[in-house]
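In order, the protein sequences belong to chains A and B. Our numbering puts the first sequence at residues 1 to 365. Our numbering puts the second sequence at residues 1001 to 1281.
Because the hints were derived from the structure by calculation, they are not lab data. Values in this document were obtained by computation on a predicted structure and should not be read as measured data. All C-beta atoms in this analysis are idealised placements derived from N, C-alpha and C, irrespective of residue type, glycine included. Each hint should be verified, as a subset may be incorrect.
Listed next, the stretches of chain B that the computed footprint assigns to chain A, with coverage defined by at least 3 CB atoms under 8 Å from CB atoms of chain A [claimed, not checked]:
1. 1021-1030
2. 1103-1110
3. 1113-1124
4. 1155-1162
Short derived list, chain B residues pointing at chain A, Cβ under 10 Å [what the hints assert, rightly or not]:
5. 1053
6. 1099
7. 1127
8. 1150
Think about it this way: if two alpha-carbon atoms lie no more than 30 Å apart in a straight line, the pair counts; the simulated DSBU-like pairs of lysine-lysine are [unchecked claim]:
9. A:5 / B:1156
10. A:131 / B:1156
11. B:1181 / B:1170
12. A:9 / B:1156
13. B:1094 / A:195
14. A:6 / B:1148
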Amino acid sequence: MNFLKKYNKQIKTILFVVLLYVIIAVIDALGNDIPRVVVSVLKKSCIYALLAVSLNLLNGFTGLFSLGQAGFMLLGAYTYAILTLPMAARESVYYMYGTVVNFSLPLILGLICAGIIPALFAFLIGLPVLKLKSDYLAIATLGFAEIVRALIQWQGFGKVTNGANSILKYPGFKKIMPYALVAGLCILLIVLLLKSTYGRAFKAIRDDEIAAEAMGINLAKHKQMSFVISSFFAGIGGALLAMYQTSLSATAFTSAMTYEILLMVVIGGIGSVTGSVIASFLFIACSEWWLRNLDSGTFLGISLPIFRNGFRLVVFSVVIMIIVLFFRKGIMGERELDVDRIGTFFTKKIPSMFKKKNKEGDLNK
Amino acid sequence: MKNVLHVENLTMQFGGVVAVNNLCMDVNEGEIVALIGPNGAGKTTAFNAITGVYEPTNGVISFMGEPYVRNTPHGKMKSTYAGINAETYASQPKMTKTPDEITKLGMARTFQNIRLFKSMTVFENVLTAMHMRKKSNLFTATFMINYKEEAEQRRKTEELRKLVDLYDVKDELATSLPYGKQRHLEIARALATEPKLLLLDEPAAGMNPQETAELTAFIHKIRKEFDLTILLIEHHMNLVMDISDRIYVINFGSEIANGTPAEIQSNPAVIEAYLGGDNDE
Ligand SMILES: Nc1ncnc2c1ncn2[C@@H]1O[C@H](COP(=O)(O)OP(=O)(O)OP(=O)(O)O)[C@@H](O)[C@H]1O
Ligand SMILES: [Mg+2]
């Protein structure tokens, strides 16, 4: 009984997460009865949730304004695709250059390598780059991402990266669940890290570098740590994205992708993990599903001539502008989603909204 | 008496401005020493050089008898150097330490313009400062294998919080406290790093008269409780005369007097500096 009371909140949170996974399992089990768009939105949302949380670790929790996310994702995606490509498929994929990679790793090992390689790169470029202050750091990391993108497409590396040709036929997940499990596990690790003494040190650096340093926190070491860990998970996110797309080409990993993820972080709340997750799902659902019909003539049963190709992006941009202008702190601010609060939201807040309306009605009488 | 802090020929020059000029200072174990002087005299700059925020232009600083910072004018500074003793340390190797390494040696500071972790609660502010003395690593901390150490840190944090008279404000945002309480919190945070030497930069600034009056007793209390040696900068003369064992007075970066409170109060150079300048004291 005491145990239940003490860990009440934790238990509720775990139950809530389990519930979400049960829903995913049910959707997976229903298979073809579920519209394809729902399935692909859910997969992509899981991936972007991980990407947003990993960027938030760096930008939101450590206060390092980095724009290198797409570069690390790209490294992760290519590492995964190259290392797991089945031997039988190598010849047809690398028909132009041939390949020097003469082994094939199991999927899980490939995923882990997809984290390690970007982390190594982050370690190397972190040493000089993290000495830079905010704007310069952003520019340097952005430059890094663009260089990675260019180098991967360079034919000189063709025997490894397949140059400007796509990589195809590497293994991937079919159902939503494995995406949700991998992303969930990674996010859990980040949450555990943030809750630890290291997470507090990161936040201290974000709040006030001079004070953090005066309290004995080694700035270079901790910034480096956050950068490497964030890149590790960005790499895994990149690998998941490669699986989702089933064909991998460096051209897709532009800096616009980084901005998109940054936008999710801002919408969710800089410094809120649950905010990033919620924002990713809303963002992907809006851009790929709910607003889709704006491009196809009829939206919510209304047909207008402006509902044409591209109009969706206009509406989407307006929605984002409204959020950024009026909800500066994002959906969650710096707070985390509290399961109890969801409960009270449905049992108290919504009924009380109606009650207030009634009262106003009373006054009018 | 054991020497805790030894500052020798410390000069700090920014471009053409010599903010601290050839300062020599000693702080011995258990003492409360004050560093005073008119606005802009170079007190905070001296603190910043001692704690590693700035790299001094010239001079040596030692902690517990061990030099940890040493420099001599070099590069461009060599020709523009306006202080004295430029050659004293030219033959000795240069030494630098980052602020966190210096804190690790055993000195902690507070800031003139309070620098608390603003997104954190009172409790978290103090807890965060325990990070430096932890034994756990990234792995054990993430997977909560260090739960014993974590629990111990939380217990110590609670102790510290109550010791600095911050009752009933555990989970309040640090920045929501009144100024006087924020100063107490900054001291608690500094104490969490387990220092031997505590450097306080204007601890009474922003405090109301009652809090200022209580500050003497408060500083005595923490000194006794933690076996501290204290170096403080302060403008409230009553407090300084009341609390200090010895006082250093600087003006325009240079020392103009040092001695016991009684000696300082009757020193003509000090009176001149305080009455002659445009000072609000
Ligand atoms: N980073 C810096 N660059 C250039 N000049 C500086 C720098 N820091 C301090 N100074 C100059 O050094 C001088 C001493 O400043 P300092 O802050 O040490 O004075 P202080 O004695 O602490 O004064 P106060 O009582 O007002 O706090 C000032 O003239 C200041 O402008
Ligand atoms: Mg000052």
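Numbered hints the structure breaks, given as an ascending list:
1, 4, 10 and 13
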